[in-house]
Every structure is written in structure tokens, then in C-alpha cells.
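There are 2 protein chains.
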Amino acid sequence: MIRHTCLLALVLAGPAVAADPDTVAASLRDRAMAGSGAYALVESLTTEIGPRLAGTPDEARARIWAVAKLKALGFKNVRVEPFDMPVWVRGIETAAVLGANAQPLAVTALGRSGATPANGLEADVVRFATYADLEAAPAGSLAGKIAFIDHKMLRTMDGSSYGAFGAARRSGPSLAASKGAAAVLIRSLGTGYHRHPHTGGTNWAAGQTPIAAAALSLNDSDQLNRLLAKGPVRLRLVLTPRLAGTAQSGNVVGEVVGTDPGAGAVVIGGHLDSWDHGTGAVDDGAGVAITVAAAKLIMDHAPKPRRTVRVVLWGAEEPGLYGAAAYAAANPPGSIALAAESDFGGGRVTTLKSRVAPEALPLVKRMQALLAPLGITPSSDNSASGGPDVGPLAAKGVGTLTLQQDGTDYFDLHHTPDDTLDKIDAKLLDQNVAAYAVTTWIAATSNVSFARAAAATQP
Amino acid sequence: MIRHTCLLALVLAGPAVAADPDTVAASLRDRAMAGSGAYALVESLTTEIGPRLAGTPDEARARIWAVAKLKALGFKNVRVEPFDMPVWVRGIETAAVLGANAQPLAVTALGRSGATPANGLEADVVRFATYADLEAAPAGSLAGKIAFIDHKMLRTMDGSSYGAFGAARRSGPSLAASKGAAAVLIRSLGTGYHRHPHTGGTNWAAGQTPIAAAALSLNDSDQLNRLLAKGPVRLRLVLTPRLAGTAQSGNVVGEVVGTDPGAGAVVIGGHLDSWDHGTGAVDDGAGVAITVAAAKLIMDHAPKPRRTVRVVLWGAEEPGLYGAAAYAAANPPGSIALAAESDFGGGRVTTLKSRVAPEALPLVKRMQALLAPLGITPSSDNSASGGPDVGPLAAKGVGTLTLQQDGTDYFDLHHTPDDTLDKIDAKLLDQNVAAYAVTTWIAATSNVSFARAAAATQP
Ligand SMILES: [Zn+2]
Ligand SMILES: [Zn+2]
Ligand SMILES: [Zn+2]
Ligand SMILES: [Zn+2]
Chain A
1 MIRHTCLLAL VLAGPAVAAD PDTVAASLRD RAMAGSGAYA LVESLTTEIG
51 PRLAGTPDEA RARIWAVAKL KALGFKNVRV EPFDMPVWVR GIETAAVLGA
101 NAQPLAVTAL GRSGATPANG LEADVVRFAT YADLEAAPAG SLAGKIAFID
151 HKMLRTMDGS SYGAFGAARR SGPSLAASKG AAAVLIRSLG TGYHRHPHTG
201 GTNWAAGQTP IAAAALSLND SDQLNRLLAK GPVRLRLVLT PRLAGTAQSG
251 NVVGEVVGTD PGAGAVVIGG HLDSWDHGTG AVDDGAGVAI TVAAAKLIMD
301 HAPKPRRTVR VVLWGAEEPG LYGAAAYAAA NPPGSIALAA ESDFGGGRVT
351 TLKSRVAPEA LPLVKRMQAL LAPLGITPSS DNSASGGPDV GPLAAKGVGT
401 LTLQQDGTDY FDLHHTPDDT LDKIDAKLLD QNVAAYAVTT WIAATSNVSF
451 ARAAAATQP
Chain B
1 MIRHTCLLAL VLAGPAVAAD PDTVAASLRD RAMAGSGAYA LVESLTTEIG
51 PRLAGTPDEA RARIWAVAKL KALGFKNVRV EPFDMPVWVR GIETAAVLGA
101 NAQPLAVTAL GRSGATPANG LEADVVRFAT YADLEAAPAG SLAGKIAFID
151 HKMLRTMDGS SYGAFGAARR SGPSLAASKG AAAVLIRSLG TGYHRHPHTG
201 GTNWAAGQTP IAAAALSLND SDQLNRLLAK GPVRLRLVLT PRLAGTAQSG
251 NVVGEVVGTD PGAGAVVIGG HLDSWDHGTG AVDDGAGVAI TVAAAKLIMD
301 HAPKPRRTVR VVLWGAEEPG LYGAAAYAAA NPPGSIALAA ESDFGGGRVT
351 TLKSRVAPEA LPLVKRMQAL LAPLGITPSS DNSASGGPDV GPLAAKGVGT
401 LTLQQDGTDY FDLHHTPDDT LDKIDAKLLD QNVAAYAVTT WIAATSNVSF
451 ARAAAATQP
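Chains as they are written, first to last, in UniProt numbering: chain A, 1 to 459; chain B, 1 to 459.
Just chain A, with the same shape it has in the complex (with noise of 0.2 Å):
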């Protein structure tokens, strides 16, 4: 309470006074430590919404739950920026071993996997241990045969298995198919041992027809395994996803206004939708609520920054990045000094890493200094990703911060229908709030440029 009148005072002087900005960011952080509501914004949208599958009425839904949750904050200039987008949807998908071990297995669909026929398809099991198994083996050879690809992700704390082994996933079954495979199952792209398969978008190359494509979970990757150690494995596979044409999607922005409308906006959110098993939680209930919290917070006790503080809550991001694309589309880089996006969970900020001109360092190793008390180590990687929604705009040379998340449980709940929010821990999202706070202050109030030159051949 005494802190609260204290701060009062402090906003209350205005710019007259002009507050040291590292000792607003030092309030703003531990005014979130204290409480920063994020955890009641992330219940409230997993609970009133739930499932939002990117261009289905609920991801509309969630859209108008966003617009009516910044207003009611106070966010200026909310808006919904729609665009268009391919709308896939799950159908019935279930997959069973026949003869002697007969036995179901749990598959879930990958996002745009074909469709078997409806009554489903059988056909024999072909392993291939790793993707570079798969890649080797000869045009034609898997004709007619479920190829398994069954490459294992291990845990790590920075999620950077998810990057290196998820070829296995997005590219797997396009090759597969190119070599004739009547469908594809894989490993799930997870860590847990819950018996979730885990669903996540696979990409086809240009000309290939899309084949049923479905993960496995690990259980049954493990089961199957042992199946295939006793002898051949046939299994029967039922998947009817479909394409459901095209959809209105879109971001949701909301605005805490600068004083300088050219100095360019400080973008910070997350992805406002979700796969459809769980309620989306961890991916991205979190990302939003953190960031929303964050600019929240900034909004109530600090002075007007410089820079306008602009949460963008990306449509579309698990189908393949349709917001971000929409947003860089519409946005010119220099209306942008910097962007971050939370997409990793709700765990603690390990470290924070920047993709930003040399320039910038300096106010880089300010936001550090801040963020120490919090525990989080500096870094000096300046080739942070800031989040895969801002990727569009790191690739015109918008500069970007990473907020390295502690996800060292985040891919045991990924894309499952067990991502809820009983998984979420409203003290770790504080301290995702008063990092955010913290960056987002600074930049906003600092006077560097962020930009790197364009990076047209870098994306």
C-alpha cells in the first residue's frame, strides 16, 4: 500500500518531474511480483473460450473475448485487423493393430494430414528410426505402407529439440508421400509420458498430394515398437480431417499510447489461437496473458512512454503463421522499433536475448541489469527469434527480444488435449510480467533504434 501511494505520486508528477526510467522499471517489476493479474486473464479466456482452432467460431469468439477484455482494461485503438485464411478441421481418427497383438493405438491428426478413405485404410508398418533413415530411403520403396517415422525429441530447458528434430513432423510426411507412402505416423513431437499424441502442423511441398499424416504418442511409439521388435505390424488408420475452405481470422491489437506517433510502436503478445484437443493454456493463453498484463501494467503506473506499447494477439499461428504474415503484410517496419512475442509457456524467464542493431546493445544490458533480481541471466546471443509470429517482421529488419522461458515441461503438454490451466502457476507468470514490463518500459521510453539493416536474405 505505502509502495502504491509512493508510485502514485511518482505518475502523478507527470513528465515534469521526468522519472528516472530504470527506477519506474524497477517498480513496474516488482509492483508484478506482487501481483500482476496475469493468471486471471489466462483463466478467464481458457475457461470462457476454451479451444480456439484458428478460423472456427471459437477462435471468433476469442477474438471478441480479446476485443472486450483490452477495452475493459483500457486499452486504446483495440481493434481486430482480419484476414483471410485455409480452414482445416479434425475428424474421426483412430488407429488399431490387427491379427494376433490386435489393439488400438492413440493417434491424433497432424494439421492439413490427408484423409484416409472413410471406412479407413490397412496396411503394413515400415520404421524408419530417424528422419535422415526416412530421407535415405529409395523413391518408390514405401509404396503402400504406412511409413513410421520415429525420431525421438529429448528434453531440453530452451525447447531447442523442438527446432532441431521437428523435421519429423512438418516435412516427414510430405516426403514419405513423395516416396509412395500410403500414410504417415510419427512420434509424437513431446516429451510426456501421458498418453497424448501430439498434434501440430506438417507442411506439404508444392505438387505433393497431402496423405493421412497422424502422431502417435510416445506410449504407443514405445508399444509399436516393441510390436515391430516380435515381427511385421499391419495396422488399420481412420483419419477424415478435412479442409473446410476459407475463414476470417485476425489479430487483435490494443494500444498503450506514446507521446511520439512516429517513434515507432514497441510490439509485444501472443497467439490468440489454439489447437483444438486442449484449451490452450501454455500455448498461448499464457503468451497473451503475460503480454497483456505487462502493457497493463505499464498503462496504470507509469508515465506516458515515448513509444507507443502495442499488444498484437496474433490469429492463427498453429496453422501456419496466417497472423503474422497479415500483420507484417500490413505494418511497415519503421512503424516498428522492436517486437517480442511470449510462446513457450507459462515458466520462469531464464534469459534474455536480442536480435537487434549494434547500436542497441548498450540499452540491452540495461533491460539485464533490471532483470537481475529476478534471476535471469544476461546473454550475449543478439539472434534471439523473438517468437515465431514476429519472424515476419525480424525479416524485414524489425528488431526483436527474447524472453527465454524455462520450458523444460513445456513439450509434455504441447498441443494435447492436457494443456489446461491447472498447469499454469500464477506466481511464474508474475515474473514473465515484470520481465515484460520491464523491456517493454525501457524500450518504449529509451530513444535507440532497434532496427537491424533489412534482412531480406535472412528470414
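Misleading hints may appear alongside valid ones.
[Claimed, not checked] Okay, derived cross-link-like pairs now, SDA-like style, lysine to any residue, Cα gap no bigger than 20 Å in a straight line:
hint	chain 1	residue 1	chain 2	residue 2
1	A	Lys230	B	Gly37
2	A	Lys76	A	Val257
3	B	Lys230	A	Asp58
[Unchecked claim] Some, not all, of what chain B presents toward chain A, calculated at C-beta under 8 Å:
hint	residue
4	Thr47
5	Glu48
6	Gly50
7	Val87
8	Ala106
9	Arg195
10	Asn219
11	Asp222
12	Pro417
13	Asp418
14	Thr420
Honestly, the hints are just simulated from the structure, not real lab data. What you are looking at is a predicted structure, and each value in this text was computed from that prediction instead of being measured. The C-beta atom is built at its ideal place from N, Cα and C for all residues, glycine as well.
Using the hints provided, position chain B with the ligands relative to the given structure of chain A.
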């Protein structure tokens, strides 16, 4: 290797030398701890058969598996003791919140649940925080409603909360139906937050027509509570399980034949059937494996005992102890000296309890002394159940032992798809086998009678 040679010499010396039973017991115990082979048994059952719902072809395959396995291991008098039972099979099961907060909820039908109409039913939810609250609801007050019994089962090491709070599942649906409910949802009798509803049997009072009755996952139970806090909740529920007539199940039996046919058998075992969601690794592949491995150890590494060691792998435990009833009906209590079932997963044995005649308690103490090196705490509790499938024998006065396990995590997995082989720790199984080998061997070599006065009034 050295120890192996020594024991072999001991065994080869045979009855002429009359090895001290406690010395043999200690040797069996230590041998089990060095590798009992139990893991390979549960691996084989869960991999080759998978789920094995009572009365289905899957359970029949499990009997074929068990007969072949027992014969291959050298058991004598291997046989199936068949019986008939009513079969219940699962159908479609979906639940969804209607209206402004539209979203799916994860549900699964309880065993013997009735069905909704094929296209489902829609009704408002009435919540009961406890079973007692449901009991207090006036007659007819639930007409046309979905009763939500939200009684929480908390985690306990010995699983006592399952018995204490199980009424919500076992008799809650019948009670709600008697007050007019259209359908029932219960908070799963479980402790795991991995978005799996827990199935399990429910009982209908005489004359009560079954209604649709399903479990919600804990995650979804919490979600429903949050939604109810905002206002009335209307659900659409589709459950289409059905009774599938009468089918044959059976108990599978194998023996290590003792020297005295009139001395009564020492019966140990687990149940062969499982629910349909998982592969029945902890419930009850573990119990099957532990007890078979313990008897095999006695067969191979001890002199022939006085009493026959009989492994009974009960059928149809889950839907209502049909195998137990058939077994007790077919076997006079005087033919069984002592009985114990392992049916609480693969956790370590923490204590040995009994329910035996007072004159047998000194022998239980001898067992406890031999188990102390395994970290098994002695108990003076002489009211142990012995396990669900020996209940009907105990009711007739047969003495029982309970090798109580650490079930702290058991109800995270129990009756869910997540009951799979990866949850089994081979070393913990070995400790169980060591404990069963000791108790079974000591009981089989003794002259003590465990039989209590026939307990007709205390089932
Ligand atoms: Zn995401
Ligand atoms: Zn995602
Ligand atoms: Zn059981
Ligand atoms: Zn059970």
C-alpha cells in the same frame, strides 16, 4: 554367480538335508531382488494383448496368453476355469458445454452405465459438492437434470481414499437416478491431472433403470466448476455403451505342486482382465507378473513345499468380481490354506498385514522379520482384505495376507488410457516378487492353519 551355485547345491541336496525354510526364504528374497523376471511378464502381457475388457475376445486372448505362459514356465495343472458373465461395452462418449462458453469436456462412461439417446441429450447441470449433499437432495428434485457429483478423492499412499470416497462412482449414479436425474457426471475417482477421465464400475440398485453415467477428468471437473461459478451450465452428452449379452470369461490357474495334497493351497495372483482404455500395466498386469514370478522362483529355486502354491489369474474383476465369485463357489474354503492378491500397481511393498487365525500370527511375524531387509514395515493389523478377488474366499474364513504397496501414484493412472508399460519400474516389481516369494514360501512350508472361523456375517 557364486550365490547361484551355492543355492543350487542347497536345492540339489533336496529334502534329505531339510533346508531351513527361513534360509531358503532369504535366498529367494535376495534372488528376486537381483532380477525376478516379472517385468518381462508384464511387458509380454501388455504388449501382446493390450487392453482386455472382461468378456471380450481380448480377454479371451489374455487367457490363451496366460495358459501358454504358465505352461512354458513349467507350472503344473494349468487350466482355464470358465464362467459366464454379462458383458458391457463402451460406445461413443462426448460431452460439450453449450452456449456462450461452448467447449468439449473429456468424459468416459462408467462400467454398466446406461445410454443417452443415440443423438445425445441436453440438460442443465446441478452440482453436488459431496456425496452427502446428493443424499440430501429431495426426491424428484433432479428431474431432467444432469447431476454432477464433485466429491474430491485426495492422494493417499495406501489408496484408502478410493474406498472412502468411492461411493460417488459406485452408488452415486443410482442414487441420482432415483431422484429423477437424466444423467450423471462424476469427478473422476482419481488423482492425476493429465486430462484422462477414469472409468470404473457403477452399481444400480435393484429395480433402478440405468441412466447415462460418466466420469469427467479432474481438469474438466475444475473447468465445469469455474463455468458454474459464472452461471447456469447446459451440457450436451452422448454416451452409447450397451450390454452385449452373456459371454464366457475364466480364471486361469497354474500350480507348483506341493508334497501334501490335503494341506490346502496357498493362492496368489492378480486379475487378468483390464479396463479398455489402457493396456492394464498397473491394473493389473503388475499383479499378474509379480505373483507368477514369485511362484516361478519357488518352483525353480526352492525345495518342493508341503502345500501347493497356486497362481490364480482371475477373470472379469473389473466389471464386478465375477471371477472371484466363480472361484469361491468352485473351491471349498478348506482346500485353500491362505490367499493373497496383488492388485494395486507396481509400487514397492511397504507393509505386510494379515487376516488370519490368532494361532497363525507368530508365522506372520516370522514373515515380517524376513521382509524387514526389503524395508517392509511390520503391521499388527489383522483385518487385511487380501485383495478384491480373494474377498469371497475371506468371507468364507480363508486366511488372507495383504502385501500393501505404495500406491501414491496409482490413482493417477488407474482405469485411464495412461495405464501403460512405461509406468512400470522393473526394480520395484522385483521387490514385490521378493515379498511374495517369502510369504508364499513360508506359508507353503508351514503346518499352521490360517483359517478363521467362517465369517458368514462379516463379508
Ligand atoms: Zn504457440
Ligand atoms: Zn503451438
Ligand atoms: Zn485391479
Ligand atoms: Zn481396476
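For the restraint on Thr47/B, tell me whether the closest CB of chain A is nearer than 8 Å.
holds, 5 Å
Does the CB of Arg195/B sit less than 8 Å away from some CB of chain A?
holds, 4 Å
Agreement of Lys230/B and Asp58/A with the hint, judged by alpha carbon distance not exceeding 20 Å:
holds, 19 Å
If you take the shortest Cβ to Cβ gap from Asn219/B to chain A, is it below 8 Å?
holds, 4 Å
For the hint on Gly50/B, just tell me whether its beta-carbon gets within less than 8 Å of chain A.
Constraint on Gly50/B satisfied, holds at 3 Å.
Against chain A, run the beta carbon of Thr420/B and see if the smallest gap drops under 8 Å.
Holds: closest Cβ of chain A sits about 4 Å from Thr420/B, inside 8 Å.
Could you grab the alpha-carbon distance between Lys76/A and Val257/A and see if it respects the 20 Å cut-off?
holds, 7 Å
With 8 Å as the cut and Cβ atoms as the points, is Ala106/B at the interface with chain A?
Cβ of Ala106/B sits 6 Å from chain A, so the hint holds.
Does the closest beta carbon of chain A sit nearer than 8 Å to the beta carbon of Glu48/B?
holds, 5 Å
Please verify that hint: Val87/B, Cβ, nearest Cβ of chain A, below 8 Å or not.
violated, 17 Å
Hint status (Cβ of Asp418/B to nearest Cβ of chain A, threshold 8 Å):
Hint holds; Asp418/B Cβ to chain A Cβ min 4 Å, cut 8 Å.
With the threshold set at 20 Å, check whether the alpha-carbon distance from Lys230/A to Gly37/B stays at or below it.
Roughly 19 Å between the alpha carbons, so the hint for Lys230/A and Gly37/B holds.
Violation of the numbered hints given earlier is confined to hint 7; every other hint is satisfied by the structure.
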